[in-house]
Amino acid sequence: MICCKECLELLSDYLDGELDPKTSSSLEEHFQDCPPCIAFLNTFKTSTHLCRETIRQVDLPEVVQIKLKEFLAKNTREKK
Amino acid sequence: MSFAQNKETKEAEEALVRDFQTGNLEAYDKIAEIYQKKIYALSFNLTRNPMDAQDVTQEVLLTLFKKIHTFKGKSAFSSWVYRITLNATYMKMRSKKKEPNVSLEDLLPSYNSSGYQQEKIQDWSENTESLLFANETREVIQKAVSQLPEKEKVVFILRDGEGLSTEKVSEILDLTVPAVKSRLHRARLFLRKKLSPYFEEYHSQREKK
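Those protein sequence lines, which keep their order, are chains A and B.
Using the working numbering, you'd call the opening residue of the first sequence number 1035 and step up by one each time.
Using the working numbering, you'd call the opening residue of the second sequence number 6 and step up by one each time.
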């Protein structure tokens, strides 16, 4: 059976679905017998999810959109 | 919308680029419209500074306008835009005082000689969805991301933030696929460890209620 170290090193590949089925099952086998790795998996998955959603929330403010439009109108049209 | 593109949008975009290269300004407007939010978000996530992100967006859009003739289509247009955005952002950051980097090694899991992990882990993963709507959480997470070492940070933002494929990120950063994977994984490990005390606290407060 694989050890915690091997298991945790493959965690991203596992969650991203990039492991072959055989390696995936050996991770799952390990999880069955290792509650600390389950806790690690759950917290890893959740923190990755929360971080991802947070940095995806960045929006371009409307006032900046207006400024950009003015800037581009001035710099891309007047010279042509 | 992420930059992860399907075939149709990719072809439509290539057509826009070709039109713009032959002098069609409306095509440029459309390109600017498609990309401005992404340029801003990428730059903001790297700098955490709205003014810098705005400056970078302005500069990159102007560069696209001026340098479109140098785009030869060797890589995807979006990869080209990303590289210009990263360069402009790093130039901007160069003049600023940097926050001290936190050592990544200290935040990676530790194991004993037989490969068993030694961390005492509390599973705080349940009922965390409401955290996403709290301003405080956003700040805590953004700060943790900003403390990532640069190499890991940019991979994390492109892969998990922009939702780009490993292959795409390897093209943009000129890295091998295993290098992208390894940096992404280290970034996620770092963030988990860094944020655990905050999430644990949140979890135990909820348990008490």
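Keep in mind that the hints are not guaranteed to be accurate.
Simulated restraints on C-beta separations [as the list claims (entries may be wrong)]:
hint	chain 1	residue 1	chain 2	residue 2	range
1	A	Ser1059	B	Arg53	49 to 57 Å
2	A	Ser1059	B	Ser135	17 to 25 Å
3	A	Lys1101	B	Lys79	18 to 26 Å
4	A	Pro1055	B	Phe138	49 to 57 Å
5	A	Val1097	B	Glu13	42 to 50 Å
6	A	Ser1059	B	Thr181	37 to 45 Å
7	B	Tyr95	A	Pro1095	37 to 45 Å
8	A	Pro1055	B	Arg88	19 to 27 Å
9	B	Ser209	A	Val1097	35 to 43 Å
10	A	Arg1111	B	Glu134	42 to 50 Å
11	A	Arg1111	B	Asp179	32 to 40 Å
12	A	Val1097	B	Leu113	50 to 58 Å
13	B	Phe138	A	Ile1072	23 to 31 Å
No lab work stands behind these hints: they were computed from the structure.
A virtual CB, placed ideally from N, CA and C, is assigned to each residue, including glycine.
> Honestly, which of those hints from before does the structure not fit?
Replying inline: Numbers 1, 2, 3, 4, 5, 6, 7, 8 and 12, in rising order.
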